[in-house]
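Enquirer: Let's have the full structure, built from the sequences with the hints guiding it.
Chains as they are written, first to last, in the UniProt record's numbering: chain A, 1 to 469; chain R, 1 to 469.
Among the hints, a few may not be true.
Residues from chain R that keep clear of chain A, each with C-beta distances beyond 10 Å, as calculated [stated by the list, open to error]: (1) Ala128; (2) Arg184; (3) Glu208; (4) Tyr457; (5) Ala458.
Computed cross-link-like contacts, DSSO-like style, restricted to lysine-lysine with a CA-CA straight-line distance of at most 30 Å [said to hold, decoys possible]: (6) A:Lys13 to A:Lys435; (7) R:Lys127 to A:Lys127; (8) A:Lys25 to A:Lys330; (9) A:Lys99 to A:Lys54; (10) R:Lys39 to A:Lys127; (11) R:Lys127 to A:Lys104; (12) A:Lys104 to A:Lys54; (13) R:Lys227 to R:Lys355; (14) A:Lys435 to A:Lys99; (15) A:Lys39 to A:Lys330; (16) A:Lys120 to R:Lys384; (17) A:Lys13 to A:Lys99; (18) R:Lys104 to A:Lys127; (19) R:Lys330 to R:Lys25; (20) R:Lys384 to R:Lys39.
Worth flagging that the hints you see were computed from the coordinates, not collected in a lab. Ideal Cβ placement from N, Cα and C applies to all residues, glycine included.
2 protein chains.
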Amino acid sequence: MSIQAAIDTLTAKGIDIDTNPPSVKSKSRDFFWYSPVLKDRLDHVVADFVATPKSEAEVIDILRICHAEDVPVTTRGAGTGNYGQAMPLAGGCILHLGKMTAVKDIAPGRVICEPGILLKDLDAACKADSGQELRMFSSTWATATIGGFIAGGSGGVGSVRWGGLRDVGNILRLRVVTMEAEPRVMEITGDDIHRVAHAYGTNGIITEIEMPLAPAYDWVGIFLSFKDFEEALRYSYDLAACDGLLIKLATIFEAPIAKDYFQRVAPHVAEDDAVVALMVAPHAMPGWETFTAAYSGAKTIYVQGQTDWPRQPGHVFEYGWNHTTLRALKVDPSITYLQIAYGADDPIALIGKVKERLSPEVLQHVEVTRSGGRVTMSGLTLVKFTSEERLDEIIAMHEEMGAINFNPHRYTLEEGGRQTVDDRQLAFKREADPKGLLNPGKMITWDDPDWSYDSMYAWPGLQPKTAAE
Amino acid sequence: MSIQAAIDTLTAKGIDIDTNPPSVKSKSRDFFWYSPVLKDRLDHVVADFVATPKSEAEVIDILRICHAEDVPVTTRGAGTGNYGQAMPLAGGCILHLGKMTAVKDIAPGRVICEPGILLKDLDAACKADSGQELRMFSSTWATATIGGFIAGGSGGVGSVRWGGLRDVGNILRLRVVTMEAEPRVMEITGDDIHRVAHAYGTNGIITEIEMPLAPAYDWVGIFLSFKDFEEALRYSYDLAACDGLLIKLATIFEAPIAKDYFQRVAPHVAEDDAVVALMVAPHAMPGWETFTAAYSGAKTIYVQGQTDWPRQPGHVFEYGWNHTTLRALKVDPSITYLQIAYGADDPIALIGKVKERLSPEVLQHVEVTRSGGRVTMSGLTLVKFTSEERLDEIIAMHEEMGAINFNPHRYTLEEGGRQTVDDRQLAFKREADPKGLLNPGKMITWDDPDWSYDSMYAWPGLQPKTAAE
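Expert: What follows is the structure, given as structure tokens:
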């Protein structure tokens, strides 16, 4: 590997290269620190330089040159991912896509754009053009990029109506550049999309994205409180099951999450209040009112545009999804989280069982989504962290009760998923990244096909802590 | 009752009154003849005159005057309903709303209009204004009115995504005039909507409607053939369960429905082909192709805009819902139909059981819908009619197998439903039509609260056959 040769050649090509240590260090970090486990493993990781292309042609140059010099390339958008997916485990080059922000075409139901545009800016462009918006986005809408969302996310605000990014129809097309002596540009559609979506940039660099759109509405943010957590779950589940009521978010927080961690909501709830956060389409408000009237325990405490709180809470979606953990972390740095799938069959009973056994060490934060045509529930559960051993115990208890764990305290694709390789992703990496230079260390099966998953995978190529300190 | 006095007073008021016998007779008929049972009972029924108001003020005049003269009032839009809901069982006045067609306001996600506008014209207005359209419509879109759809329909094209008219959020507001000495105008919202929606105009006259809208797309009509009917069902069910694939119609026809009854499709299918009809959003087409590729038995025979059939099939939705029966009837006048709910738990198995027992006397025509957040299936089953007794036997067999029957061979609300009164509708009729003059004979419980439902209800007030012949 010759870092310096790569830097020199790239600079000579006119590509924006950053080697300034504090700036490189800051661009070498994502939100991995959500996890105390990842914080321990990855805090020292740093790239050698940052390359910021302005076009696909420059992406191709960067990949060609890094390939020639055997320089690892880890791609990032805004770095708001919290699985360490943008952490350059082996140093090398950070490929920063933040300047590739073009919106190329907007048509009824679809948009074509570059990967580095912020979700917020993409929504603004679609709304201005034709009253449209993305079907779903992460709670980091204001700061995250569409490319990062696709390469490292699974769904979010909007998944209560549209399902996840993985579901057919929710990504229309990806254009991808390979990491070879002569990088190829490939148009990826159909089932092949799963080769590169949610692959952390391990097997190709996304340079163009075609996404489906939904109509843009002035969604009404709402908070309700419930004394009975189970009623809050039931209410949210049933609301999401109303096919005629258009909502974009239904999130449930066990008490005392809202009281303890949501500063602007706290004055309006009690310690024992479970809270539900919703986004409802304006024209669904009459129906929502009708629906809500049937729940005796539902107390509406905030309706955006109607309720006059001394301090406005801002976007309601910035309380849900990964923002819940973020808000809790700001108040109590010992908080971390889990990602749990409670399924579609009887999620409310399963959540009740987990709560019974683990509250308050573990507090339920539940997102309602759709999957396979049914209403489902997922937990982005808050955990009071004490030790890695205890965290593993808590995860094991979930699995034992039938709640499926997607471990956010691991930096590999497999451990964050179902602990098996996605054969399509592996096969595509063989094709698109034969030297294994793209985001190395993130795909266990590439490095150690026989890994047992008995314990946390520690990639042997990870920068030693001493090297960077 | 003084018909002549009513006619004179109405005419003096300047209201458009039609007493010309052939014209009154034609406006006294709906599509009740879909059912040989209703044809036998109602063919002779005729009103005394037709009143066609141009405004809500004229509706009020008509109701006031008919109330004073004890003249029954049966309301109609375009008369495309097939349950006899617009048949004036006791004669009197036909209130024809076909001139109340104003579109009053269109906003993101909603439209306010008068009841007499055709579904087609309302969609055109919403599309021209802001690229929007109704969430759902009957297959009689080109000829039916929005008021008739709401007063006599339950769902249709679009229900595979949005559920039925009955589901909260799918009707936003109705404005209704009562039948009293001094008619009142009431704004009906929330749960109260069920008082007057699907009430056949028995308890108030709808003069203004507020409906939710969805984005208008240039839906792509598609036909597929399958050799295996069960695979056709499974394909359609699974497609409807794709939350990320926007479709507006998924209809399955057992063989040989398409071959025997769909003239323009017939040249392209075999006698043993089951056929699936779809409407897919243009931006869902790539995902649809991906989805379809996984079904080895699915043969795409027509894609609107791509397939060059010598004779184009027209709107694909005009093969589904109640148009299936209409097409079959045109070829074989002995065909009639049933309305069956197969539910959400295991509809495919239940349909298989019914088919096994009753095909080919009974041919499966299945509509995929959503209900309560789940994919469900309903049958608008074709039946080779032989006798009323045999039809009743066939219905009983369905019920025995667990398939729920909504009998379309009855002219009362209760018999077409679950054979029980809707208490809200009855209570509202007491309030809004104390004399029982609105569409008399259509609500059993109003006339005979103790009716047993052992046999077909025959309203004692029905015009005797001899009277009109």
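Enquirer: Against each hint, give a clear statement of whether it holds in the structure.
Expert: Hint check results:
Look at Ala128 (chain R): its CB is around 14 Å from the nearest CB on chain A, clear of 10 Å, so calling it non-interface holds up. For Arg184 (chain R), the condition that its CB be more than 10 Å from all CB atoms of chain A holds, with the nearest at approximately 21 Å. Residue-level check passed: Glu208 (chain R) sits 15 Å from the nearest beta carbon of chain A, beyond 10 Å. For Tyr457 (chain R), the non-interface assignment is confirmed: its Cβ lies about 31 Å from the closest Cβ of chain A, beyond the 10 Å cut-off.
Separation of Ala458 (chain R) from chain A is adequate, the least Cβ-Cβ distance of about 36 Å exceeding the 10 Å criterion. A hinted pair counts as satisfied when its Cα atoms are at most 30 Å apart, and Lys13 (chain A) with Lys435 (chain A) qualifies at roughly 23 Å. Proposed proximity of Lys127 (chain R) and Lys127 (chain A) is supported: the alpha carbons are some 17 Å apart, at most 30 Å. With a C-alpha separation of about 22 Å, the suggested pair Lys25 (chain A) and Lys330 (chain A) falls inside the 30 Å cut-off, and the hint holds.
Between Lys99 (chain A) and Lys54 (chain A) the CA atoms are separated by roughly 5 Å; this keeps the pair inside 30 Å, and the hint holds. Using a Cα cut-off of 30 Å, the hinted pair Lys39 (chain R) and Lys127 (chain A) is violated, with the two alpha carbons roughly 53 Å apart. Annotation: proposed proximity of Lys127 (chain R) to Lys104 (chain A) holds, straight-line Cα distance about 25 Å (limit 30 Å). Only pairs whose Cα atoms come within 30 Å are accepted, and Lys104 (chain A) paired with Lys54 (chain A) is accepted, the gap being roughly 14 Å.
Among the hinted pairs, Lys227 (chain R) with Lys355 (chain R) is consistent with the structure: their alpha-carbon atoms are about 15 Å apart, no more than 30 Å. For the hint pairing Lys435 (chain A) with Lys99 (chain A), the CA-to-CA distance comes to about 27 Å; that is within 30 Å, so the pair holds. Taken as a hint, the Lys39 (chain A) and Lys330 (chain A) pair is honoured in the structure, with Cα atoms around 16 Å apart against an allowance of 30 Å. For the suggested pair Lys120 (chain A) and Lys384 (chain R), the alpha carbons sit about 58 Å apart, so the restraint of at most 30 Å is broken.
About 17 Å separates the Cα atoms of Lys13 (chain A) and Lys99 (chain A), which keeps this hinted pair within 30 Å; it holds. Between the alpha carbons of Lys104 (chain R) and Lys127 (chain A) the distance comes to roughly 25 Å, so the proposed pair stays at or under 30 Å and holds. Distance restraint check for Lys330 (chain R) and Lys25 (chain R): the Cα-Cα separation of roughly 22 Å lies within the 30 Å cut-off, and the hinted pair is therefore satisfied. A threshold of 30 Å between alpha carbons decides the hint, and for Lys384 (chain R) with Lys39 (chain R) the separation of about 16 Å falls inside it, so the pair holds.
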